[in-house]
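Sequences and hints are given; from them, build the entire structure.
Single-letter residue listing:
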Amino acid sequence: MTDNKKNFNITFYLLIVPVLIWLIFMIVIPHAELLISSFQVEDDLGDMVFSFGNYIEFFTQKIYWLTFVKTAAYSIGVTLLAFIIAFPIAFYLTKVTSKKNAAFLMLLLLIPLWVGELVTVYGWMVLLGDHGVINSFLITTGIINEPLNMLYTNFSMVIGLLYMSMLFMVIPVMSTLQSMDDSLIEAACDLGASKWDIFTKIIIPYSMPGITSGAIIVFMLVIGDYLAPNLLGGKNSLWFTEQIYNNFLTTFNWNEGAAFGFLLLMLSSGIIWLALKLSGQKLDKVGS
Amino acid sequence: MSKILEIKNLSKHFDDFTAVNNVDFSVEEGGFFSILGSSGCGKTTLLRIIAGFQQESEGDVIIRGQSMKGIPPEKRPVNIVFQNLALFPMMNVRENIAFGLKMQKLKTADMNSKINEMLDRVGLNGYEKKKVTDLSGGQRQRVAIARSLVMNPSILLLDEPLGALDRKLREHMKVELKLLQKEIGTTFIYITHDQSEALVMSDQVAVMHDGQFEQIDTPRILYKNPKTSFVAGFVGDTNRFEIESSDNDSIITKGDWKLKRSDLTMSLQGTPEVFYIRPEALILNPDNSIDGVDQFEVTIKTILFDGSNTKLSTIVNGSREELLISLPQNAQFDGIEEGHILNIGVHRDDVKCF
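One line per chain: the protein sequences are A and B, in this order.
Note that the working numbering numbers the first sequence so that position 264 is 264, with each residue one more than the last.
Note that the working numbering numbers the second sequence so that position 136 is 136, with each residue one more than the last.
Hints were generated in silico from the structure; no laboratory data involved.
Only a predicted model underlies this, so the values are computations on that prediction, with no experimental measurement involved.
Label pairs and their computed distance ranges (CB to CB):
| hint | chain 1 | residue 1 | chain 2 | residue 2 | range |
| --- | --- | --- | --- | --- | --- |
| 1 | A | T11 | B | P89 | 32 to 40 Å |
| 2 | A | T97 | B | D24 | 35 to 43 Å |
| 3 | A | A275 | B | P89 | 16 to 24 Å |
| 4 | B | F354 | A | I204 | 53 to 61 Å |
| 5 | B | I71 | A | H131 | 53 to 61 Å |
| 6 | A | F104 | B | F17 | 22 to 30 Å |
Using 35 Å as the maximum straight-line C-alpha spacing, the simulated DSBU-like pairs for lysine-lysine come out as follows:
| hint | chain 1 | residue 1 | chain 2 | residue 2 |
| --- | --- | --- | --- | --- |
| 7 | A | K201 | B | K178 |
| 8 | A | K95 | B | K130 |
| 9 | B | K105 | A | K95 |
| 10 | A | K277 | B | K107 |
| 11 | A | K201 | B | K75 |
| 12 | B | K105 | A | K195 |
| 13 | B | K102 | A | K195 |
| 14 | B | K114 | A | K201 |
| 15 | B | K8 | B | K174 |
| 16 | A | K201 | B | K130 |
| 17 | A | K95 | B | K102 |
| 18 | B | K130 | A | K195 |
| 19 | B | K69 | A | K201 |
| 20 | A | K95 | B | K69 |
| 21 | B | K131 | A | K95 |
| 22 | B | K102 | A | K282 |
| 23 | A | K99 | B | K75 |
| 24 | A | K195 | B | K129 |
| 25 | A | K99 | B | K69 |
| 26 | A | K195 | B | K131 |
| 27 | B | K129 | A | K95 |
| 28 | B | K131 | A | K201 |
| 29 | B | K75 | A | K95 |
| 30 | B | K107 | A | K195 |
| 31 | A | K277 | B | K129 |
| 32 | A | K282 | B | K131 |
| 33 | B | K114 | A | K282 |
| 34 | B | K105 | A | K282 |
| 35 | A | K95 | B | K8 |
| 36 | A | K201 | B | K182 |
| 37 | B | K130 | A | K282 |
| 38 | A | K282 | B | K129 |
| 39 | B | K114 | A | K277 |
| 40 | B | K75 | A | K195 |
Don't be surprised by glycine CBs; every beta carbon is placed ideally from N, CA and C.
Structure, rendered in structure tokens:
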């Protein structure tokens, strides 16, 4: 009995130590460091002093919070679009097509993840550019005379963001749909529900935990993404991660950058909290 | 009483397999009709065709004189209680029951009175706000039945709804379902593989085998007078004897039980292949004064004690045939032990041969 308990303790510590090391060195310490430095500014003598200056700067410069609001609004929009596109895919893969087909199609969906975001973003640049595949095709077939301006617009940015995040909506939605018994749909049908009623009153509510966890992942990926807004959205994309990047690597104002980082963290956490409240979902259920 | 449901020469073929083969029957209004069969006999397919979830290959389903051809499930005057109940897990008890009425766009006041009446009827008052996942098996059962009954269907179809319950609860729900059906008077069509469920609850039982109906009768007749060999073997416990050879004055079973033609009722006709005797039809130490009783001797091998269902496993003397005999638990037979030789009688009408 005591031996067992001892063994259990050793195993317990062996398992917990890597987790703690990870949490402390990779998450707690850097964040604490950033939090402290976000409240520091250089005074006239070149010493670091405590100040709210970095945060005040954010609220007084219109361009900063304009970028902030745009980033939030577009992230929510991309998340919604991801849901609209991903849900039919997930439904088709779980409930319509055969298991064998579904596995093959799933593999196809995964391919963009294998090559990495940078490569897929360049892929989209090749497709959408002024002399890119789509414009060349449209001009040679005579549909248009002047190339369409698609690259370096909000449109191309949204496409890039959608492309890299959509799969993370498909997978959790698929897993909830898989657990749904088809007889629920038949029962609803038997009770007189139309196709639309079945979709809105049975299938969507049932898959809500999956949708919510998918939405959280997509939203986090999108709001914190740097490559797609920067390369596909161009100079005018006004994505908040670019402001952070500029502070750290262009103007070397690490304190301002740290403050912006924390503002972004608070923004995304706040929106997710609000979304959970509004949809009536619980985080523990969503995570499972 | 009028016929509420008529099934006309109904067949259902899958690629190279016939699930329902030319089934033809009708159900009286207000009756409790069971379809009894082992799994894979086509009973679920038949039920799903009546509900409209599957299309018949041939034949027709007629409800209240109206053909159901081309009518989708949501428009048919039938509701179904699914095998796994298919309650909506994201809704509470009340929302589950209200779902169908909401689809009908009923006024809130009408809806509430119907739901309350139904909650009363199935004894779920006070549970309406509970989540269906928090209910016990029996309560979930009642929610599923209430959800269908509140739609006031012409026919309620039940697809083995008691299958998932434990034995004790199943026994209880059997009686409850029967009483509920009597009280509300809706026609129930109940499919099951459990003969006890079918026999206890039904007014009429159809025994289904390989996509066909073997016999449709009241439970009593089905048990007493099976029309086919399958029904005799399937419904109730029974002893089955296959006949090896027969001539004019004797027959021999596969287990070398030699019987004189004059002994048993099968002497009456032709060359039967098999005969059945129910364990409870056998009389221990029969009185010679009873008419039409044939007698033979058996040796007791073991006593299979199971309370009121206790049986003797015996060997017919002079053969290798095993015979199960019901043993009443009363003082008369308390002294019976393994190895004893017993005199057994059977009335000629209780031997069913095919």
